[in-house]
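Participant: If you read the protein sequences in the order shown, they are chains F and G. For the first sequence, our numbering gives the first residue as 1008, with consecutive numbering after it. For the second sequence, our numbering gives the first residue as 10, with consecutive numbering after it.
These aren't lab readings, by the way, just hints derived from the structure by calculation. Be aware that a few hints might be false.
Said to hold, decoys possible - Pairs of lysine-lysine, DSSO-like flavour, derived with a Cα cap of 30 Å:
hint	chain 1	residue 1	chain 2	residue 2
1	F	K1012	F	K1061
2	F	K1078	F	K1061
3	G	K22	G	K66
4	G	K66	F	K1078
5	F	K1078	F	K1045
6	F	K1075	F	K1012
7	F	K1045	G	K22
8	G	K66	F	K1045
9	F	K1075	F	K1063
10	F	K1061	F	K1045
11	G	K66	F	K1075
12	F	K1012	G	K66
13	G	K66	F	K1061
As the list claims (entries may be wrong) - Which bits of chain G does chain F cover? Going by a derived footprint, with three or more residues having C-beta under 8 Å, they are:
hint	region
14	39–51
15	59–70
16	115–125
As the list claims (entries may be wrong) - Partial chain G-side listing against chain F, Cβ under 10 Å, derived:
hint	residue
17	G12
18	V13
19	Q15
20	I21
21	K22
22	Q26
23	F54
24	F73
25	C100
26	A101
Beta carbons: idealized from backbone N, C-alpha and C, even for Gly.
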Amino acid sequence: DQQVKQNSPSLSVQEGRISILNCDYTNSMFDYFLWYKKYPAEGPTFLISISSIKDKNEDGRFTVFLNKSAKHLSLHIVPSQPGDSAVYFCAASTWNQGGKLIFGQGTELSVKP
Amino acid sequence: KAGVTQTPRYLIKTRGQQVTLSCSPISGHRSVSWYQQTPGQGLQFLFEYFSETQRNKGNFPGRFSGRQFSNSRSEMNVSTLELGDSALYLCASSLTGGVRGTTTLNTFGSGTRLTVV
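Extracted from the complex, chain F is given alone in its bound form (with noise of 0.2 Å):
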């Protein structure tokens, strides 16, 4: 049962150009959404967050947009950067599960000179 899915696994853009990662949930309970970036060989890092109250945030080149309706949820990344090539994954909490995140399958990101 994945409750929340990246149905791209890979996406490839052009340096400069606008990134835009996508994710669907399942769970209407989800009430906390937030992006982490993961290179090879290290662990998750934290990029962006959402709480359901809101349907953008920014925070310089990462937007985060969240549309309930559709339990959809973007990640732009304006200008994309080479630096910016890694895989990103979604996930979702609940605000009765403390610190339990349920994460979507990821994103491989490629940002081609």
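Fit chain G to the supplied structure of chain F, relying on the hints for placement.
Facilitator: Coordinates of chain G only, in the frame set by chain F:
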């Protein structure tokens, strides 16, 4: 400031054996969570500990267990290893646990790569 330290980095075990993995959180962090990462399933939550108490548990069989010590260091144990247990095991620590707000953000270690043969 030292990060989250997981030992060992790599491990090869035989089916049927048991294994213990260790996680030292960032100094001052009292919450430790464990995740299993496999190519097919992504990252899956194993358990969360706070002040030596298990606060949350994922959907894994009883062969997977963990504990946390008074210094917040945590260990997880897998008994009667199966081939499907081969995975990257990640540990994350945070000040207070949970995932909301700056005191709860998880910092992940680099993981222990377990191979079961």
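Participant: Against each hint, give a clear statement of whether it holds in the structure.
Facilitator: Each hint, compared with the structure:
{"no.": "1", "hint": "K1012/F - K1061/F", "result": "21 Å, holds"}
{"no.": "2", "hint": "K1078/F - K1061/F", "result": "13 Å, holds"}
{"no.": "3", "hint": "K22/G - K66/G", "result": "25 Å, holds"}
{"no.": "4", "hint": "K66/G - K1078/F", "result": "25 Å, holds"}
{"no.": "5", "hint": "K1078/F - K1045/F", "result": "24 Å, holds"}
{"no.": "6", "hint": "K1075/F - K1012/F", "result": "15 Å, holds"}
{"no.": "7", "hint": "K1045/F - K22/G", "result": "26 Å, holds"}
{"no.": "8", "hint": "K66/G - K1045/F", "result": "24 Å, holds"}
{"no.": "9", "hint": "K1075/F - K1063/F", "result": "11 Å, holds"}
{"no.": "10", "hint": "K1061/F - K1045/F", "result": "25 Å, holds"}
{"no.": "11", "hint": "K66/G - K1075/F", "result": "27 Å, holds"}
{"no.": "12", "hint": "K1012/F - K66/G", "result": "21 Å, holds"}
{"no.": "13", "hint": "K66/G - K1061/F", "result": "28 Å, holds"}
{"no.": "14", "hint": "39–51", "result": "holds (count 5)"}
{"no.": "15", "hint": "59–70", "result": "holds (count 4)"}
{"no.": "16", "hint": "115–125", "result": "holds (count 6)"}
{"no.": "17", "hint": "G12", "result": "9 Å, holds"}
{"no.": "18", "hint": "V13", "result": "7 Å, holds"}
{"no.": "19", "hint": "Q15", "result": "8 Å, holds"}
{"no.": "20", "hint": "I21", "result": "17 Å, violated"}
{"no.": "21", "hint": "K22", "result": "20 Å, violated"}
{"no.": "22", "hint": "Q26", "result": "25 Å, violated"}
{"no.": "23", "hint": "F54", "result": "5 Å, holds"}
{"no.": "24", "hint": "F73", "result": "15 Å, violated"}
{"no.": "25", "hint": "C100", "result": "8 Å, holds"}
{"no.": "26", "hint": "A101", "result": "7 Å, holds"}
The structure shown violates the earlier hints numbered 20, 21, 22, 24.
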